[in-house]
Amino acid sequence: MFGLMFGFSHPLVLLLLPLAILPLVYHGQKTVSYSSLSILPEDPLSDLANIGLRVLASLVIMSLVLGIAGIFQSEQPVDRIGQGAQTIILIDSSGSMDKPFYSSKKNKTAAESVAKFGTYESKGQMARRVLGDYAAQRKQDMFALYVFSGNPIKILPFTEKQAVIQAAISAGSLEKGLASTDLAAGLTRSLEFFEDKEFTGSRILMLVSDGAAKLSMVAQEQIKFLLQKHRVTLYWFYLRGYNGPGLFDELDSDMIEMTAPEQMVHKFFSETGLPYRAYPVENPDALNNAIGEVNKLQNLPIRYQDIIPKRDLSSWFYGIALVLLLLLLATKLSEIQVWR
Amino acid sequence: MISVPAIFSRLFKNGIFSNVKLLLILLSVVLAALTFRNPTLELERPTYRYVFTFDISQSMNVKDVPKTEQSITRLEYAKQATLKTLVEMPCGTEAGLALFTGNRAFMLIKPIEVCRNHVELKAVVENINWRMTWKANSEIAKGLFKSIRLLTHLEADTRLVFITDGHESPPINPELPPRFPGKAGEIFGLIVGVGGDDLVQIPKFDRKTGEPDGFWKEDEVKHTDVYSETSAGENAITTGTEHLSSLKEEYLEGLATKTGLTYHRIEGQSDLTDQIKTRALSIPKIITTDMRWLFALGALLALITSILIDPIRIYLGKS
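So the sequence lines, in the order shown, correspond to chains A and B. This note's numbering applies: residue 425 is where the first sequence begins, and numbers increase by one. This note's numbering applies: residue 521 is where the second sequence begins, and numbers increase by one.
It is worth saying that the hints were derived from the structure and are not from the lab. There may be inaccurate statements among the hints.
[To be verified] Here are the simulated EDC-like pairs of lysine to aspartate or glutamate, each with C-alpha atoms no more than 20 Å apart in a straight line:
1) B:LYS703 with A:GLU599
2) A:LYS585 with B:GLU646
3) A:LYS585 with A:GLU499
Quick caveat: nothing in here was measured; it's all calculated off a predicted structure.
Just chain B, same shape as in the assembly:
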């Protein structure tokens, strides 16, 4: 056996620089050994915490997205975009899920980490459907305000992603819009618009069996708000386009301004991820990064150089 002092005495006797190859191998040994000291680097990295709130009201059953290809329902499209986002977000991101219909939101699951719990999160998103509804109305503004309040109960820096088509049913009185009780900018996040630009029929389903039951007709829905209806008495408006639905972008933009959220319409496949992964919505977190690879790479380079050093010398000597 060669003892350690023996190695050193031999090295020094030979003159430490006389055998570059040996030195390189020694360097490789040292670097490989250093990986066992578990070198780490503490870096500040952006992480994210979101609650995705899905509008499950009836107008979300309209099949008008995406525009070009075979259209699917707005809700299905929203779910697919969310599933894609869950895969694309970096590990450490937390996602929670909630539903919106009627005039409020209902939390299904509080934010959990997206990589470790991907199977479960995926299952919860896939399960979401309009039959979970608890009320036939779709009071977007109130639902949004309630969603914001819901998030104030959660850990700080939780962002909202409120996915809707903006179709208020019954319609609201433009003179008397619901008052936002919170503070603008209290909760950051996005209002995500889903749906087409053209007015289309809203599918109707049997409430008991869940079977398709044609489309909503003009005389089956309210075309004006309760206040106007009552004050107009017999002259109340009973015709209109409220039985048809399109994405109400302007309205949602207005709500975004009022609440301090950002409005965005999903168009492409990775679109939602791009909007969500912004610096402004990120939560900086110190993450300890494993740096063993750097030392191992050094060991690798040293060893390879020791192998190639002679051929290179010969090559250089010849030329």
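If we strip away everything but chain A, and leave its shape as in the complex, we get:
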């Protein structure tokens, strides 16, 4: 960047700057009529003092005008070394995320089974809350947000602004989720986020879903290629549903294909040989712990860009004006003394 950049909140005030010429034109000192100036002896010292005073007054005017114009130092990016990561959060927004968490309680009441949305915390709401907490702890990280249902929806590009990240993560909690789930499109499209981005440290893709459709061979190849190309660590928070078998339950292969496509997806990820971890979570505490674990894992130093916010400089200029004015006042007072 260009080092120091200045701006003005009210640039039109700068039109007053020419006023600084006034003291240079009008001396503002008492004149004495004298019949013949040429016979007065030259006095280089007082000439110098005279010029000094005029310049002083001119500088005061400039400082005051700059202050009134609201001079500020523009926000500037600076490179810093810190601990953090570039994280893409990819949230499943399908209808099934509206259901409450897996409950081990065998005999659920009818009310618990068909509770009205909004009367309990759904898996989606829960996940968004925990992810929001995670993001809030990682102020040096950049986050991007993607949701997927039938079609992937790119919501937020990388940003480090917490207010924005939180507003985007929590937005999906307000209403029910959307339709179906297309995991492949969600993964590939969100991984494309890293395209042309500078590699500044660890890169994470946090997939939050409660199930998965089958990934075609083509999709598998593409996902593997993108993970490798962008050097991304994949964390999968698998929110187990009411009757879901989980990722590790042993089922025979026919059963897996029929009832648990998520096991196939897990198998694929595990066999890519790329950094990957799955966290099957069955309750809110487990999700908290899983995310806490990622928090610990992802503490490698990275280079990241920080923004020094815009800084108001007008007080500096008011200060300069004040000091110079005091100097001017002191000189004027001493002038009087000399004249007496």
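Start from chain A and add chain B according to the hints.
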């Protein structure tokens, strides 16, 4: 060094009014010093909180706006108007973004401040496109009602800007319009109409690849509502103009009346901002205003007067 009491004693000895110039400089010093007490003024100023909801259904891909120049799609036009509005709204305004298609709205981002977060808001708006769709239908009335409900979950005084062409697909039965479950006037805001007056073809896209795939044909869309279709049986209407689209102003005006919103059609570039920045939709907020400038300006005037006072006197004396 001259001590402060010395200054005063000297001033008084000389008679305080004997040296106006000196007094002016002293006044300038005092005023400049007062800026360091950080004078502020508490003023009530209007601020705004909006959620912009974009119709991303297929008819929004029709290129028929603006009328005069090179036409772009309705959605693109809506996005541009919104981007312009985001720049033109005063800092402190909060904007959120949502999508509408099918029969519901989906919130992308809750309202955030528009100046500090301009880069991000701009990126989210620019990303919006029809491919984010989750359902092919475009049930405007239901979507609008759901958008209103969505806003009731947000902070009070959040206003809705629902941008659409009003094209219901499939058509609704005029006898059985969807019932508005909310209270009229519960949420204030605008229904913003975008689109041309003439019926034009709706572009079709391949759902998988997103490539253009001609236009919707007459026999590919429903021309009547499900209820009429079923009751008519074999005599159901299969022809009509539902494969063509125009801005349905009257319909949207009716929806506005029903929900307590205001209907407005975007026409000019700053048009949307003007509609949104109205007193009726504003949220009064006490804002602390920095008043240092006033004191600094006083200091400036005092100093300049001290410089000009002699030339002016001489000028006046001569004339």
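Each hint, compared with the structure:
no.	hint	in the structure
1	B:LYS703 with A:GLU599	19 Å, holds
2	A:LYS585 with B:GLU646	19 Å, holds
3	A:LYS585 with A:GLU499	14 Å, holds
Violated hints are absent here; each numbered hint is respected by the structure.
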